[in-house]
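Undergrad: Sequence:
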Amino acid sequence: MDVADRVVLITGASSGVGAALATQLGEIGARVVVNYSRSAEAAEAVVAKVEEVGGRALAVQADVSEEADCKRLVATTVEHFGQLDVLINNAGTTTFVPHDQLDALTEDIWLRTLRVNLVGAFTMSREAAPHIEAAGGGEIVMTSSIASTTANGSSIAYCASKAGMNSLTRTLAKTLGKKKIRVNAVLPGLIDGDWAFNTWGGGDAEQYEGLKKMFADQTPLGHVVTPEDVADTILSLITGSDYVTGQLVTLDSGFTL
Numbered sequence: 594m595d596v597a598d599r600v601v602l603i604t605g606a607s608s609g610v611g612a613a614l615a616t617q618l619g620e621i622g623a624r625v626v627v628n629y630s631r632s633a634e635a636a637e638a639v640v641a642k643v644e645e646v647g648g649r650a651l652a653v654q655a656d657v658s659e660e661a662d663c664k665r666l667v668a669t670t671v672e673h674f675g676q677l678d679v680l681i682n683n684a685g686t687t688t689f690v691p692h693d694q695l696d697a698l699t700e701d702i703w704l705r706t707l708r709v710n711l712v713g714a715f716t717m718s719r720e721a722a723p724h725i726e727a728a729g730g731g732e733i734v735m736t737s738s739i740a741s742t743t744a745n746g747s748s749i750a751y752c753a754s755k756a757g758m759n760s761l762t763r764t765l766a767k768t769l770g771k772k773k774i775r776v777n778a779v780l781p782g783l784i785d786g787d788w789a790f791n792t793w794g795g796g797d798a799e800q801y802e803g804l805k806k807m808f809a810d811q812t813p814l815g816h817v818v819t820p821e822d823v824a825d826t827i828l829s830l831i832t833g834s835d836y837v838t839g840q841l842v843t844l845d846s847g848f849t850l
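Counted from 1, the sequence shown has number 834 at position 241 by the numbering used here; the numbering is strictly sequential.
Take these hints with a grain of salt, some might be off.
To be verified - When the alpha-carbon atoms are kept at most 27 Å apart in a straight line, the in silico DSS-like pairs for lysine-lysine are as follows:
1. K806 with K664
2. K773 with K664
3. K772 with K664
Hint data in this document are derived by calculation from the structure and do not stem from the laboratory.
Make a model of the complete structure from these sequences and hints.
TA: Encoded structure:
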């Protein structure tokens, strides 16, 4: 797919992978909707960056765990740009709970994790699909995680939510294929950036650099994936073969080999 002048809606795009992808799309002439939940200032900064590199962009606040917000987000996209060609389900959340502390993994944590990571991805896909079909077809890409396949992650709920996202990817790919909508997922490992620094690294630079080195040393390629790496992979799925669908693309420098 040539994305020049196409409309791409990215959930959770005020930072990290979403922000990096928005910028890359702007560089090749796409029109981008930058969704955010809380960080309006950060989202507007991403919009400014997209426009600086030659694209057009719009920031829209919405919590993908809320059905009404999902409906409004898609409707606003179509009202503003006149169409919708690509949806990136990138919004995600987690709460750190050691896997052996089962009692600490409360129902509230479970429900919040599933509502954002899994139900939100489905609701956004459901609302976007008719518009993508009306535009002549396009793609939905999910940002999943290697936690979905390795049973290692920030919590059991997070691992399960991303495993569900993988299944959602394949079932939607089969369901929406006849509408010329491809559905794929990217499964990153540890992603270098502010989120990992503040959570895994505890906000301590020395501790975080040690963590990154330890992780990189466990990968054949000796590299910790960056937001730009993930954005590159998502972009390759959008702009590459129009016949790749239902695929789960692992992006972890070989960590899970």
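Undergrad: Could you grab the alpha-carbon distance between K772 and K664 and see if it respects the 27 Å cut-off?
TA: holds (20 Å)
Undergrad: Taking only the CA atoms, is the gap from K806 to K664 under or equal to 27 Å?
TA: violated (42 Å)
Undergrad: Is it true that the CA of K773 sits at most 27 Å from the CA of K664?
TA: holds (22 Å)
Figure legend: structure checked against the earlier numbered hints; the only hint not met is number 1.
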